[in-house]
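Engineer: Residue strings, one per chain:
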Amino acid sequence: MSTPRTLFDKLWDAHVVSPESSTAPAVLYIDLHLIHEVTSPQAFTELAARGLKPRRPDRTKATMDHSTPTLPAGADGKLPYYTAAAETQVNTLARNCAEHGIELFDMNSDHRGIVHVIAPELGFTQPGMTIVCGDSHTSTHGAFGALAFGIGTSEVGHVLATQCLLQRKPRSMAITVDGELPPGVGAKDVILHIIGVIGVNGGTGHVIEYRGSTIRAMDMEQRMTLCNMSIEAGARAGMVAPDETTFAWLAKAPRAPKGEAFEAAVQAWRELQSEEGASFDSDVRIDAADIRPTLTWGTHPGTAIAVDRPIPAATDAAARKALDYMHLDAGHALAGTPVDVVFVGSCTNGRLSDMRAVASVLRDRHIASRVRMLVVPGSEQVKREAEAEGIDAIVRAAGAEWREPGCSMCIAMNGDLVAPGQLAVSTSNRNFEGRQGPGSRTLLASPLSAAWAAVNGQVSDPRELFAAQKEVA
Amino acid sequence: MSGFQQVKSRSVVLRQTNIDTDQIIPARFLSTTERSGLGKHAFNDWRWQADGSPNPEFPFNQPANADRKILLAGRNFGCGSSREHAPWALVDLGLRAIVSSEIADIFRNNSLKNGLVPVVLAEADVQQLMERPDDELVVDVAACELRTPDGRAYTFPLDAFAQTCLLEGVDELGYLLARQADIEHYEDTRYAQ
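Here the protein sequences come in this chain order: A and B. Under the numbering used here, think of the first position of the first sequence as 76, with each following residue one higher. Under the numbering used here, think of the first position of the second sequence as 14, with each following residue one higher.
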């Protein structure tokens, strides 16, 4: 009898071109290569210097998202790029794609957006695939039962030239979350809670499979939020086994297989489950009932705590430095902390359900006068669908800004910045020092927590929204 | 990348844990289509003050630390983004080895492709080394050993393939390109089904 295999084992085995040995890593085949303007130009330069061409332009898809402005073109028809270098980077990607016949979703495309939003939206992301991108949040695509991970620019060159990567097989970790999430608690709270439990390096060297009834009950957008932040625990990748929820999403995705091909694909995708008795190198269990609205207090995502819990006392120099940088005091809860900026968007929380969550809070309300709030849809499609529901009008009426799609203030490369010393509640994925601009202070949070903080001008518990509803009922 | 046997140098110490790639090189310096010249932005926001002057307290600004090739860093160095600009910046700054009790996966992969040796030792050993930054250390790639002038030797893990690449300056892309027939066979077999 063969050893029961995990989902990750199955994905790995199916893509081994040549197995690993003591002297060499495995050659692993890559089904889908996503590229963007920031981490690809040097790879194309390297290929050109060696006289090489992309091997499978058909398996390569490109978009522009990091350096792009989120304000529309001015009266002169020109896009307001933050710097000349940013514009050069975007133009370089367009030139490289044109030269090599790579499909590009450019500034004029109806499907452009953040790479980890558009590939699932279009149906390029499918169960059973290996997917890489020069971007650590490639782990997002694991939500579909794919093995998806971030790579550096040298490796972008390797995949362009050979459609393969040299890899040692990582270890496996099961994270099982069971139970029903309380109202006001969502996927972002779940993943922040998990990182708080296992630590910012708890997943290093591992591929995580998220399992359990809580994960099964999540829709695809929630699963993407969850898998997106696997890297924030140091994990190589995160994944969820595909199920009916996954297939229903793909049935509507324009570039997924159609008709008989789709039926055949679904049949194959159903096999992508960890087998009964398959063993993981490590095993973590979480009770959904323990998860409350969660934010971070420090300068890495492992500093996650429930909104109503006191910030822990600093036990080492790093924690003291973080508290000092954040101007926060141990022993106090984050609730009540004054907020200057609120950012909703990013590959973590820039999807339609996130926009809806924000609109549900902002409808018939106004943000506090001290707060600047940016709501940035993750893609042109998210923007279109949100606008069709009137979400843009709700956001604007509440006093917040409704922007064009892109990474925006998550990585703050495009001029969307938090000013030095300002405190931002952000639905993005990193709270590193200066991540949202030099001297910026970031609390990571869910869209509900972010919107409720904007209304109140201070960090607030989104469960209050649901308690009020109950009283009315 | 040319091969090398060892790095011999005194070291620079950054005790901070979880030094992420945004500290190694902030995102605003990634708007480049080149890979050179990033050293001046390495640790930018710790190294330079708001007015552009050097922060005299930051170790890399201290004259005694000029030309040091080994960094001793707190646990979980290089966490965060996949930007290869991080090792590009550190190599441009003159570093050839990072010693820490844990080095993040993607950063480690990127480092190996740029001749920056990731040396993972036990936390207590790293702490001990941090006490004597003026000792000339030897990071011996062939022996997978870090040696101190008083004769201590610490073994560090290094994948055999990565070691060969460092020693011989072998290029991973060249290795992959030589597997062309295997790759074609894989594609033919998989997509014939």
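If you are wondering where the hints come from, they were derived from the structure by calculation, not from laboratory data. In this text the structure is predicted, and so the values were computed from the model without any measurement. Cβ atoms here follow ideal geometry from the backbone N, Cα and C, with glycine treated the same way. Treat the hints loosely; a few may be bogus.
The list that follows gives simulated cross-link-like pairs (lysine to aspartate or glutamate, DMTMM-like), each with its CA atoms no further than 25 Å apart [as the list claims (entries may be wrong)]:
hint, chain 1, residue 1, chain 2, residue 2
1, A, Lys396, B, Glu136
2, A, Lys128, B, Glu197
3, A, Lys85, B, Asp138
4, A, Lys244, B, Glu70
5, A, Lys244, B, Glu47
6, A, Lys153, A, Glu464
7, A, Lys244, B, Asp64
8, A, Lys396, B, Asp201
9, A, Lys85, B, Asp201
10, A, Lys128, B, Asp172
11, A, Lys396, B, Asp138
12, A, Lys396, B, Glu197
13, A, Lys128, B, Glu158
14, A, Lys85, B, Glu197
15, A, Lys396, B, Asp64
Chain A regions said to be covered by chain B (calculated; three or more residues, Cβ under 8 Å) [claimed, not checked]:
hint, stretch
16, 328-338
17, 439-447
18, 499-509
Engineer: Hint numbers the structure violates, sorted upward?
Structural biologist: Of the numbered hints, 3, 4, 5, 6, 7, 8, 10, 12, 13, 16, 17 do not hold.
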